[in-house]
Amino acid sequence: MARTPRPAMADRLTTPIIYLVLLVAWEACTRYFRVPGWVLPMPSAIATTAWEWAPELASNTLVTMRETLVGFVLALVLSVPLAVVIAFAPVARRILYPILLGLQSIPKVALAPLVILWLGIGEWPKVVIVVLVCFFPILVNVVAGLEAAPRNMLDLMRSLTATQLSIFLRLRLLVALPPLFPGCKVAITFAVIGSVIGEFVAAQDGLGYLILTSTAQSQTPLAFAALLVLTVLSVVLFYAIEAVERRVVTWTP
Amino acid sequence: MAAASLSLSGVTKVYGRTGTETHALGPIDLTIEPGTFVSVVGPSGCGKSTLLRLVAGLEPASDGRIERDGAPLTGPSREVGIVFQDHVLFPWASILENVLLPAEVLGLPKAPARARALHLLEMTGLKDFAGARPQMLSGGMKQRAAFCRALLADPKMLLLDEPFGALDALTREELSLELSRLWQELGRTALLITHDIEEAILLGDRVIIMSARPGRIRADIPVDLARPRDVRTAQHPRFIEIKQQVRDLIFARPND
Numbered sequence: 001m002a003r004t005p006r007p008a009m010a011d012r013l014t015t016p017i018i019y020l021v022l023l024v025a026w027e028a029c030t031r032y033f034r035v036p037g038w039v040l041p042m043p044s045a046i047a048t049t050a051w052e053w054a055p056e057l058a059s060n061t062l063v064t065m066r067e068t069l070v071g072f073v074l075a076l077v078l079s080v081p082l083a084v085v086i087a088f089a090p091v092a093r094r095i096l097y098p099i100l101l102g103l104q105s106i107p108k109v110a111l112a113p114l115v116i117l118w119l120g121i122g123e124w125p126k127v128v129i130v131v132l133v134c135f136f137p138i139l140v141n142v143v144a145g146l147e148a149a150p151r152n153m154l155d156l157m158r159s160l161t162a163t164q165l166s167i168f169l170r171l172r173l174l175v176a177l178p179p180l181f182p183g184c185k186v187a188i189t190f191a192v193i194g195s196v197i198g199e200f201v202a203a204q205d206g207l208g209y210l211i212l213t214s215t216a217q218s219q220t221p222l223a224f225a226a227l228l229v230l231t232v233l234s235v236v237l238f239y240a241i242e243a244v245e246r247r248v249v250t251w252t253p
Numbered sequence: 254m255a256a257a258s259l260s261l262s263g264v265t266k267v268y269g270r271t272g273t274e275t276h277a278l279g280p281i282d283l284t285i286e287p288g289t290f291v292s293v294v295g296p297s298g299c300g301k302s303t304l305l306r307l308v309a310g311l312e313p314a315s316d317g318r319i320e321r322d323g324a325p326l327t328g329p330s331r332e333v334g335i336v337f338q339d340h341v342l343f344p345w346a347s348i349l350e351n352v353l354l355p356a357e358v359l360g361l362p363k364a365p366a367r368a369r370a371l372h373l374l375e376m377t378g379l380k381d382f383a384g385a386r387p388q389m390l391s392g393g394m395k396q397r398a399a400f401c402r403a404l405l406a407d408p409k410m411l412l413l414d415e416p417f418g419a420l421d422a423l424t425r426e427e428l429s430l431e432l433s434r435l436w437q438e439l440g441r442t443a444l445l446i447t448h449d450i451e452e453a454i455l456l457g458d459r460v461i462i463m464s465a466r467p468g469r470i471r472a473d474i475p476v477d478l479a480r481p482r483d484v485r486t487a488q489h490p491r492f493i494e495i496k497q498q499v500r501d502l503i504f505a506r507p508n509d
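Protein chains in written order, with our numbering: chain E, 1 to 253; chain F, 254 to 509.
Honestly, the hints are just simulated from the structure, not real lab data.
Glycine residues also receive a C-beta, built at the ideal position from the N, C-alpha and C atoms.
A few of these clues could be false.
Claimed, not checked - Here's a subset of chain E near chain F, in silico, CB distances under 7 Å, partners left out:
1) GLU147
2) MET153
3) ARG158
4) THR161
5) ALA162
6) GLN164
7) LEU174
Claimed, not checked - Listed below are the simulated SDA-like cross-link pairs for lysine to any residue, each with C-alpha atoms no more than 25 Å apart in a straight line:
8) F:LYS363 - E:ASP155
9) F:LYS363 - E:ARG170
10) F:LYS363 - E:ASP205
11) F:LYS363 - E:SER234
12) F:LYS363 - E:ALA8
13) F:LYS363 - E:LEU171
14) F:LYS363 - E:ARG158
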């Protein structure tokens, strides 16, 4: 009995230990080979800079997070009804799918300057770019989910003289829920990238802006600190969606 | 208490377009008296499941007339309860919610529906699992829940499409005896599609034997065995006699 927790504890510690070893190796290599700080800063230098610049990092994180979340939610709100229309109206599918697919195929980096040109340098153009990168993975998954209702379940509903609306609400929507979340998880990681793309083109704040200005001024440690925060933001948002998924999808489809 | 009658005349089903069509079924002529239990057996691919889908109103017949209680069939009806080969329980809903699905869809009053659902779950030994999700239950228990759901809206006719087909042999036997008891209590008209000869005889008042595609009725054998039937019925000389007769008819060549 006393032995059983040990492997579990070891499993839990594996990842942090490996990360720590890599960090120490990084620190040691940069010190030993005397790599200039503006090329590759030492982890300790990044930590010190992050501490010094904490207020700026925090306020810029807030901006990027706001752009990311507003864009993601907007993409969700737009793509779910669109998915319903595409799944149930063949005409809409014929007209909309090629447009959406085309829009998805355009590199958003190429589109970003135009969006900024049209909407200015505030937060909204970034939100629009986030929506553009986010909606497709959500849409595709929801369309597939709405069409995935098993034939025998549809037969059951029809045998109960259920209306199309009733079949949609009681069956199709619930079948579409499990595929919705993988789409959202892909979308949220894209969303963070989307807001940074927007900030790279033209911005006054945000983590992307901070990375751009600090590298331009050879403040590489600050750029690394911002990059780190960006990564943490992306990972946290991903796991947040996974937590919602676990609460909502409590069954195995 | 009401049971429905059913009559089919010249019913056929053809799939596909003209030129490449498959003649799946018929012509079928069949009359089922109210309150009788009719079993349909036949080789796989003989269209017996198609027959059930037509009677259920899930698919239109290509030709012929189907009448329930003297009125032509127009589509699915709340007076018909169906049990499919798979339990078809919704994995996101509890057993009780699954059993209550017909009441939800048909908009029946909630309290009496709930009381009836709990009563049916008690009759089938599932009361303790009312709040459980389907994945917690064994195959036999899931199929019992599917029976409860089919019976919830008090249908006049039960359509059973190989309801024990996905179960192991022991559970099959147990459940078919249970169904036999349940049917006797309820006295509803029932149409059972199966490929199990013993099951067909044990449950049926009549056994309809179908020929291979296109499915036609080859024979209609009355089962004159006393009810209630139980495990020992299968040892009855008359049962064995009927069983042999059915087997001979199934495996006979069309020209014999």
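- Task: Answer holds if the nearest beta-carbon of chain F is closer than 7 Å to that of THR161 (chain E); otherwise answer violated.
- Result: holds (5 Å)
- Message: With the threshold set at 25 Å, check whether the alpha-carbon distance from LYS363 (chain F) to ASP205 (chain E) stays at or below it.
- Response: Roughly 57 Å separates the two Cα atoms, so the pair is violated.
- Message: Given the hinted pair LYS363 (chain F) and LEU171 (chain E), is their Cα-Cα distance within 25 Å?
- Response: holds (20 Å)
- Task: Classify the hint on GLN164 (chain E) as holds or violated, based on whether any CB of chain F lies nearer than 7 Å to its CB.
- Result: violated (12 Å)
- Interface hint for GLU147 (chain E), Cβ within 7 Å of any Cβ on chain F: violated (17 Å)
- Can we keep the LEU174 (chain E) interface hint, with Cβ of chain F closer than 7 Å? holds (5 Å)
- Task: Verify the interface restraint on ARG158 (chain E): the C-beta must sit less than 7 Å from at least one C-beta of chain F.
- Result: Holds, about 6 Å.
- Agreement of LYS363 (chain F) and SER234 (chain E) with the hint, judged by alpha carbon distance not exceeding 25 Å: violated (46 Å)
- Given the hint that LYS363 (chain F) pairs with ARG158 (chain E), does the C-alpha gap stay at or below 25 Å? The given pair, whose Cα atoms are some 21 Å apart, holds under the 25 Å limit.
- LYS363 (chain F) paired with ALA8 (chain E) [C-alpha distance capped at 25 Å]: This hinted pair is violated, its Cα atoms lying about 48 Å apart.
- Do the numbers back the hint for ALA162 (chain E), that is, is its least Cβ distance to chain F under 7 Å? holds (5 Å)
- Query: When the nearest CB of chain F is found for MET153 (chain E), is that gap smaller than 7 Å?
  - Reply: Constraint on MET153 (chain E) satisfied, holds at 6 Å.
Of the hints listed earlier, those the structure fails to meet are numbers 1, 6, 10, 11, 12, in rising order.
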